[in-house]
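Fit chain B to the supplied structure of chain A, relying on the hints for placement.
There are 2 protein chains.
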Amino acid sequence: MGYLIHGAMVLSAQAPYSFSQKDVLVSDAGLIENVAPSISPPSSCGQIDASGHVLLPGLVNAHTHAAMSLLRGVGDDLHLNEWLQKDVWPREKRMDEKTIETGTKLALCEMVRSGITCFNDMYFHMDAAARAVQQSGMRAVLGYGMIDMGDFGGKGRKELAIAGKFAEKISRQNNPLITSSICPHATHTCSAELLQESAKLARKLKLPLHIHAAETRKETADVLAKTKKESGRALRPIEFLDSCGCLSSRTILAHGVYASKSEVLLMARRSSSLAHCPVSNLKLAGGGAAPVPEYAQAGVNLSIGTDGAASNNSLNLFESMKAGAIEQKNFRFDAAAVKADDYLRMGTEGGAKALGIKTGKIGKGYLADIVLLDAKSPNLVPFTNNAGWLVYAAGPQNVTDVMANGKWLMRGRKLLTLDEEKIIESAQKAADRLG
Amino acid sequence: MGYLIHGAMVLSAQAPYSFSQKDVLVSDAGLIENVAPSISPPSSCGQIDASGHVLLPGLVNAHTHAAMSLLRGVGDDLHLNEWLQKDVWPREKRMDEKTIETGTKLALCEMVRSGITCFNDMYFHMDAAARAVQQSGMRAVLGYGMIDMGDFGGKGRKELAIAGKFAEKISRQNNPLITSSICPHATHTCSAELLQESAKLARKLKLPLHIHAAETRKETADVLAKTKKESGRALRPIEFLDSCGCLSSRTILAHGVYASKSEVLLMARRSSSLAHCPVSNLKLAGGGAAPVPEYAQAGVNLSIGTDGAASNNSLNLFESMKAGAIEQKNFRFDAAAVKADDYLRMGTEGGAKALGIKTGKIGKGYLADIVLLDAKSPNLVPFTNNAGWLVYAAGPQNVTDVMANGKWLMRGRKLLTLDEEKIIESAQKAADRLG
Chain A
1 MGYLIHGAMV LSAQAPYSFS QKDVLVSDAG LIENVAPSIS PPSSCGQIDA
51 SGHVLLPGLV NAHTHAAMSL LRGVGDDLHL NEWLQKDVWP REKRMDEKTI
101 ETGTKLALCE MVRSGITCFN DMYFHMDAAA RAVQQSGMRA VLGYGMIDMG
151 DFGGKGRKEL AIAGKFAEKI SRQNNPLITS SICPHATHTC SAELLQESAK
201 LARKLKLPLH IHAAETRKET ADVLAKTKKE SGRALRPIEF LDSCGCLSSR
251 TILAHGVYAS KSEVLLMARR SSSLAHCPVS NLKLAGGGAA PVPEYAQAGV
301 NLSIGTDGAA SNNSLNLFES MKAGAIEQKN FRFDAAAVKA DDYLRMGTEG
351 GAKALGIKTG KIGKGYLADI VLLDAKSPNL VPFTNNAGWL VYAAGPQNVT
401 DVMANGKWLM RGRKLLTLDE EKIIESAQKA ADRLG
Chain B
1 MGYLIHGAMV LSAQAPYSFS QKDVLVSDAG LIENVAPSIS PPSSCGQIDA
51 SGHVLLPGLV NAHTHAAMSL LRGVGDDLHL NEWLQKDVWP REKRMDEKTI
101 ETGTKLALCE MVRSGITCFN DMYFHMDAAA RAVQQSGMRA VLGYGMIDMG
151 DFGGKGRKEL AIAGKFAEKI SRQNNPLITS SICPHATHTC SAELLQESAK
201 LARKLKLPLH IHAAETRKET ADVLAKTKKE SGRALRPIEF LDSCGCLSSR
251 TILAHGVYAS KSEVLLMARR SSSLAHCPVS NLKLAGGGAA PVPEYAQAGV
301 NLSIGTDGAA SNNSLNLFES MKAGAIEQKN FRFDAAAVKA DDYLRMGTEG
351 GAKALGIKTG KIGKGYLADI VLLDAKSPNL VPFTNNAGWL VYAAGPQNVT
401 DVMANGKWLM RGRKLLTLDE EKIIESAQKA ADRLG
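Chains as they are written, first to last, in my numbering: chain A, 1 to 435; chain B, 1 to 435.
Bound-form chain A, shown alone (with noise of 0.2 Å):
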């Protein structure tokens, strides 16, 4: 069955954003299939009355880890390798199939209600991620994070089947909703071999290729001295991802903080995309901001992800827009360094296209990820019709109704696919085991 949703005010699907006073047709098959001021309804078709509400794209958090919603709130206010060495790492190791499964479930109910509807998840124990995803109905990029630590031959090779065996289930699948990514963790993590590898991988089977890099002042002195020892060359992170094959226009490169003009330039001649990460970036305190009018001002397309919840600790994307583009604004001591509606793109077809996912824009014969804001909401009035009504002032207490790939996934605030009462009793129990 499809749906007409009637009398919402519908976001342009260019910016600079409006809204306006739309009906959405849907159809069965998930699609949007028309948007027009007044759309008669076919038969057997749901009708929505969604007056009083604005109606985006779902909003696409391009970088997370799903299920370190269980490692929430541990270890805050640390410095980053005390928190990894002292809280992360030994609670991952403690992480089973089980426990994916339950924490990747938490951070879908919280996704879903701050207006998500689509992810990119680099993780492990994909198979238990894909399942909770799959169950919930959301559309998300799951990838293995691949770690060798310079060991190739004895690690490096072990992680790259894992993760080409993922990739490729995931592909037999064939899920409407669910695709792969490959994964290499970060350029300090992986070994050349690993990330050539990767990149043979992903171009072999077309998928996205998934990666943390420039994300700390220390990871480029790494990235430095690792490559000058080893090849004689100082290669800072993005051009040694590049001298590795890994940019290409399937790459999103997650934080993208410390990047020289070159690689800035470098990732746009590659038509790779960043997610932009800022509420993780400033909680880690890894200084700085990211050179985002310059991507911008390059043409690399920009995307934001919230990252894992042990780093933000919120999977709220409004929250990540907002933070993004006021940290941007002050950094450079100019108001206008950055517009709402450049945050907002990223939030939607930005992250869109860095998935190479037909979603983020509402507009004919885009899939159907839809949702609904509750505009008499005081905090979103007075309505004044632009991308800084939404970017500055909505949060997921607006949040109503959510639709993925044409199915509800929440309606008047209710999780419609989760259980969420038993998955917040499981993930409470699931991250007191991990201590």
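Treat the hints loosely; a few may be bogus.
Same chains, same names: a pair is fine if it fits in one copy or spans any two.
Claimed, not checked - With a cut-off of at most 35 Å between alpha-carbon atoms, the simulated DSBU-like pairs for lysine-lysine come out as follows:
#1 K229 - K155
#2 K204 - K169
#3 K376 - K98
#4 K98 - K165
#5 K376 - K422
#6 K93 - K376
#7 K376 - K86
#8 K429 - K376
#9 K429 - K364
#10 K414 - K376
#11 K261 - K200
#12 K98 - K429
I should point out that these hints are in silico values taken from the structure, not numbers from a laboratory. The structure displayed is predicted, hence computed values, not measured ones.
Chain B in isolation, oriented as in the chain A frame:
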């Protein structure tokens, strides 16, 4: 009728904060009468089951301009002077008493929904603001913002008369919820005489003195130049305030971003409070970051405010606490530079101390300003029983019940004292009229 609130996890009275299950008895007179693991209900006492919830003191918004909610989203992404001159000031000129009442009510709806029970307001047509606050049952410190742009004889005296008259009227009303303050607007918009007379008036009436200072670099340069010209001695903004007698234990200084080390120490010597406004500072792109660790180390009492919705664009203190904390960490390249405890203290007891009001703690003898959050929300799981759990993950979506002075303002997410639907409608119309 008093209330016995059963079974919530109650925030501890001191940092490092934690929660423990306690009953809270609220008296008829609006005070917290007892906090203990188990309290037998006295006769004729409303019993509230708050299991599954956490119970906090109501948040204290230490600096705002409530009625500016009508200017939310006006002139986003513009440079400060362009924003003020093209968008803010022309609209403010068109604001009459009725507009201010409507705008204040809109802000009250949003603040209650965000768990704020007390706020420190500076604006104009304050009689209208007081009417709105009285109807809402919220707690507020209200002050008329005085500006003479250097013309004390022609303008400053009149401003002082308006401010004094309003303060005395509020004092005569003897409302337990509404008090007033003396508000010379800022260091660069007030003459030295107006500042001196404001300080005298605040001392005479024993009222808080609430002022903007050290918000931008331009202000610093302007005050240095002005003082050099007028007195032969260049003074920085906070030094200038002190020279006018404006720094005392009743002073709430909003912003304080561009404070020198000696000004931080001066604030501490005078026992003045800072109202830190990180989201507004970031969005207006003032640059840099307030020296929060230095204020803390010097012993300055720290509180936190949203500022007005024109520059924020939310009245969400959860957001301000998180944004402030993560901004500080990143600015210092140090995840341990500030802690969640520091920011939760600012939003509760720090704000209460700044305003001289016995709220901000759940303890016997404190005012019954209380907020309940639904802890069984996916964004708040797992429960880690520390300040970070609240500061880094909670939001307005989690606030279910709000009490001020022993009376419920919201129950089960429904506002009880404010006609939200009608206010939203009037506010939209009022904003449309402002243009």
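K204 and K169: within-copy, between-copy, both or neither at 35 Å Cα: For K204 and K169, the Cα distance is within 35 Å only inside one copy (15 Å; across copies 78 Å).
Alpha-carbon proximity between K376 and K422, which holds within one copy, between copies, both or neither at 35 Å: Intra 31 Å, inter 10 Å, cutoff 35 Å: intra and inter.
Within, between, both or neither, where K98 and K165 count as close if Cα-Cα is 35 Å or less: within (20 Å within a copy, 67 Å between copies)
Intra- versus inter-copy proximity for K86 and K376 (alpha-carbon distance at most 35 Å): Between copies, since 27 Å is at most 35 Å while 46 Å is not.
35 Å Cα threshold - placement of K200 relative to K261: within (27 Å within a copy, 56 Å between copies)
35 Å Cα threshold - placement of K429 relative to K98: Classified as within; 12 Å inside a copy, 53 Å across copies.
35 Å Cα threshold - placement of K376 relative to K414: both (19 Å within a copy, 14 Å between copies)
Alpha-carbon proximity context of K93 and K376, limit 35 Å: between (46 Å within a copy, 27 Å between copies)
Up to 35 Å CA-CA - K155 versus K229, copy category: within (21 Å within a copy, 71 Å between copies)
Identical-chain pair category, K429 with K364, by Cα at 35 Å: between (44 Å within a copy, 34 Å between copies)
35 Å Cα threshold - placement of K98 relative to K376: between (41 Å within a copy, 21 Å between copies)
Same-copy or cross-copy closeness of K429 to K376 [CA-CA at most 35 Å]: between (37 Å within a copy, 13 Å between copies)
The structure fails none of the hints (numbered hints given earlier).
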